[in-house]
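K.L.:
With chain S fixed as given, assemble chain W onto it according to the hints.
Protein chains: 2
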Amino acid sequence: MKETVVEYILSKLYQLGIEDIFGVPGDYSFPVNDSVCANSHQRWVGNCNELNAAYAADGYARIKGVAALSTTFGVGELSALNAIAGSYAERVPIFHLVGMPPSLTQKKQRISHHTLGDGNYDVFYKMSQHIVCAHAIITPENCIEETERLIACALHERRPVYFGLPADYAVKTVIKPFHHVVPLIPNSCSETLKNIIPLILNKLINSQQPCILAGSMSLRLGVANTLQTIIEKTKIPYTTLFMDKSVLDETNTQYIGMYTGQILTPQVTSFVESSDCVINIGTILSDFNSGCYTSNIKIENIIHIMEDKVIIDGQCYNNISMKDVVLALQNRLLSLPTSSFNHHKSPKAQSLGQPIAVETNEITESYLYPRLEKMFRPNDIIFTDTGTFSMGLAFSLLPKGASFHSQSLWGSIGWATPAALGAALASPSRRVILATGEGAHQLTMQEISQFARFGLKPIIFVLNNDGYLIERLFCKEPEYYYNDVAQWNYAQLPLALGCDDWYCKKVTTCDELNEALQAIETLDTAAYIEIVTDRYDASKYLIKMREIISSIYTN
Amino acid sequence: MKETVVEYILSKLYQLGIEDIFGVPGDYSFPVNDSVCANSHQRWVGNCNELNAAYAADGYARIKGVAALSTTFGVGELSALNAIAGSYAERVPIFHLVGMPPSLTQKKQRISHHTLGDGNYDVFYKMSQHIVCAHAIITPENCIEETERLIACALHERRPVYFGLPADYAVKTVIKPFHHVVPLIPNSCSETLKNIIPLILNKLINSQQPCILAGSMSLRLGVANTLQTIIEKTKIPYTTLFMDKSVLDETNTQYIGMYTGQILTPQVTSFVESSDCVINIGTILSDFNSGCYTSNIKIENIIHIMEDKVIIDGQCYNNISMKDVVLALQNRLLSLPTSSFNHHKSPKAQSLGQPIAVETNEITESYLYPRLEKMFRPNDIIFTDTGTFSMGLAFSLLPKGASFHSQSLWGSIGWATPAALGAALASPSRRVILATGEGAHQLTMQEISQFARFGLKPIIFVLNNDGYLIERLFCKEPEYYYNDVAQWNYAQLPLALGCDDWYCKKVTTCDELNEALQAIETLDTAAYIEIVTDRYDASKYLIKMREIISSIYTN
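Residue numbers (full-length UniProt numbering), protein chains in the order written: chain S, 1 to 555; chain W, 1 to 555.
For reference, chain S alone in the conformation it holds in the complex:
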């Protein structure tokens, strides 16, 4: 059968497991929209706007590994850029299909809608090139090779790629290239690999107190399971940083809890920083991921195994992939007797304990986070926005298989609501919990209507503390009114947005919260709970963070 350019690309994406295409339709992208609707194995997810669509694709890809986004020229693609940049930063592969005006319109430099009015049809393509790892304008002639190249780059770098699709080319039949060129993806240098493995093993086996730092890149690059096997064999204790929470199972006895530099849990900090061999597998020590740069591990005590390099004793070995290094390590470690590894007594990860209500019964962090921790079930998918809520909730200890998602490097508020939608579509059998602050929720909240539209049943918590609390804590004058947000009646939103049968509650006391959480246990509908707290109620982590952060913002 003869395939069109769009059909070819969509079928290749389907082979990768992409069953949903997120986006907003538009005339220049009708070929993509038409082809998705005409095709029986993929579904069009028409989001409320393009930013939300791209966030939803990001959430989908965090669960399924990859995702696709369709936007129209100019107006559509630019609205998605913030989300695409976030996927680039946080290593989430998104295939961004951009419908462009027909080639002749471009060639003739016609003044068309969705252009700057200057006949320039390259400008938006150029803007996107800064935040994708590969890009191409697709023609019938280059379609097969360019699609292969873009897919290979996206999978290798775990980053977004850009397909520009002129509307006329998109519906033309794909032309097979005469000389099919297979895309070149760098392989590990076998020599370097051979040299580096003994160095790592030597350090590890001679270590008195080894420790593994499991980073989110290990999950993105598909080596988390191998890592889990290594940990089970060697019994090496492991920790994660904030951004990497739940990359490995938190119920394992070797899990020592989250490492936050000097901010919280001194027993974890003390263990990690006194370790003579910390093996970091794919985490980055950004500000919010290193306790505001308070992490203090000596260079000689840490081995960084990153996507394409290893750093050991302060020396960098390039051109070796994390996957190859971790697989080689696994092979060597599994053949050693268990007694080869020393184990200093390591701390055990702590749960948040019993919820403690204050005398007034108002909801405070001493009740809220321990109580939510208790409601988590195995395999739950939890999405949180960067803010007050995540900086409390992240310290809950998760049940087996549960995963916790935040956007700690890019930190774009509003991300979590559509991202949770994407995750729910990616894995309809798992329970999806969205925990967002009301300030963040306001950016993208219309997307909750899509949960109802697609028959999904998320549990949504909106923490209403009357403004941007994290900003109140970090800025010089907390009561400046730029930290206020418009006052909404949150619990009424789902109904207005067509979520007709949802369980919606506004809770202001611990008892009300407890009641709502008990009700949720037996419900077969989605739930939307507005949790009202004092405007300054914050987790211990956030309070401590406040103490050190002001010095960073002013250097």
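These are computed hints drawn from the structure, not numbers from a lab.
You can trust all of the hints, since none of them are fake.
Which copy? The list can't say, so a pair holds if one copy fits it or any two copies do.
No farther apart than 27 Å at their CA atoms in a straight line, the calculated lysine-lysine pairs in the DSS-like style are these:
hint : residue 1 : residue 2
1    : K107      : K476
2    : K2        : K476
3    : K233      : K345
4    : K298      : K108
5    : K505      : K374
P.N.:
Just chain W, lined up with the frame of chain S:
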């Protein structure tokens, strides 16, 4: 008094008439946020998200001439890009103030939040450069000169400019330059100007049937009043294109109605296209602004007076500003006797006439648009999204002083809701009417909460035709489900969004619509009316447009 960098910039913007700063706060932009809140003559308008903020700034600038937007690094600025590009395309000057990480953080290439994690702090600045007419990273040393330059460029080009503000520099005291360089803005070439005026006058005075095409650039460049004076003196008939509607008063007897190429109103088309001297003052013949390229004026019969050039008899004269040309023409024309100008009998602009209800009493275009035309009052400000609604409503004849705003070149749906907010803040004494389709409204609808927050009383019409009708009409299979949108209960939205005392109605019959419109006349609150029509009910203009448009999209 010593001023900081941010204080200096804000005071310069205040001198231009900017009393409101739109935006979303963020830690890197705290200096801007703080300074606005600390300053007694400017107001912080905290929008729900950055795209909405930038649209609101665009709406504000369409009323006041200029506007300011404040966003934070990366996450904030990128979310605003679609709107900034729209302002660039449609010639609306926006001062985009972007809070950046402190200079030392940048210099040290620290891995901070809101970055791509690669230590690159230029990337977002580079992305914005494609869609602003000038840009700078501001330091205490360059602040005075760069601020002058950016303001001069924005005012000259009527386009957005970018101020990058590293957080540490932003709060430092401005340093006066030793040699103050005044920004160079091109002047008209006096020789060309001297030569071109007689050419234009000669053609005009010898014309048997002159006609003026009044474009939105004449309004942006502040020559619309001069143009009105010329028209009143010479009695030359005038028309506008879709994008330029209401640039000149529509109650004037010389107004002949909208010119839409071959689509509608053949009497206007016939008059314009048989004119031997069409003077186009600042309109562009884009697809949607030329009846899908069906406008057919012979090159020898049209004089284009554009922002920086004149095209006459197919020959282009550069380096002369529209303002200088129009002022020179005014001076010469006012000194001539009225009898110097020939006047062919011109058509008179037609109102939409009486609303006609169909037998079922359901709301159709034959009732809707004439009925809404009747409710318009002098000085109303009307904002419409590109779509079904605007393509009917634009053919209403407006009362004196009323202005009609759409985004016909950029055409980003969702723009109108926040833009109407910006306009209402810019001119609280005028009545603001928002006419949007439900598909467009879904993109940005949270912004209606800001009307209530700021005590504004807009009248909002949401046309609910069960999906993206304009797309159903233009795509190959109207019932493809990508043209569906989530089903909402629109009339319940304002209450959920904190608009507690609004008059909200869903109307499905002509009688209900009429009743609601009558109720609005006596109300002292805002109104939000969901107007339900059949999913294929469209204006005559849109139906005709459909017939010719498919050939354009496929060339």
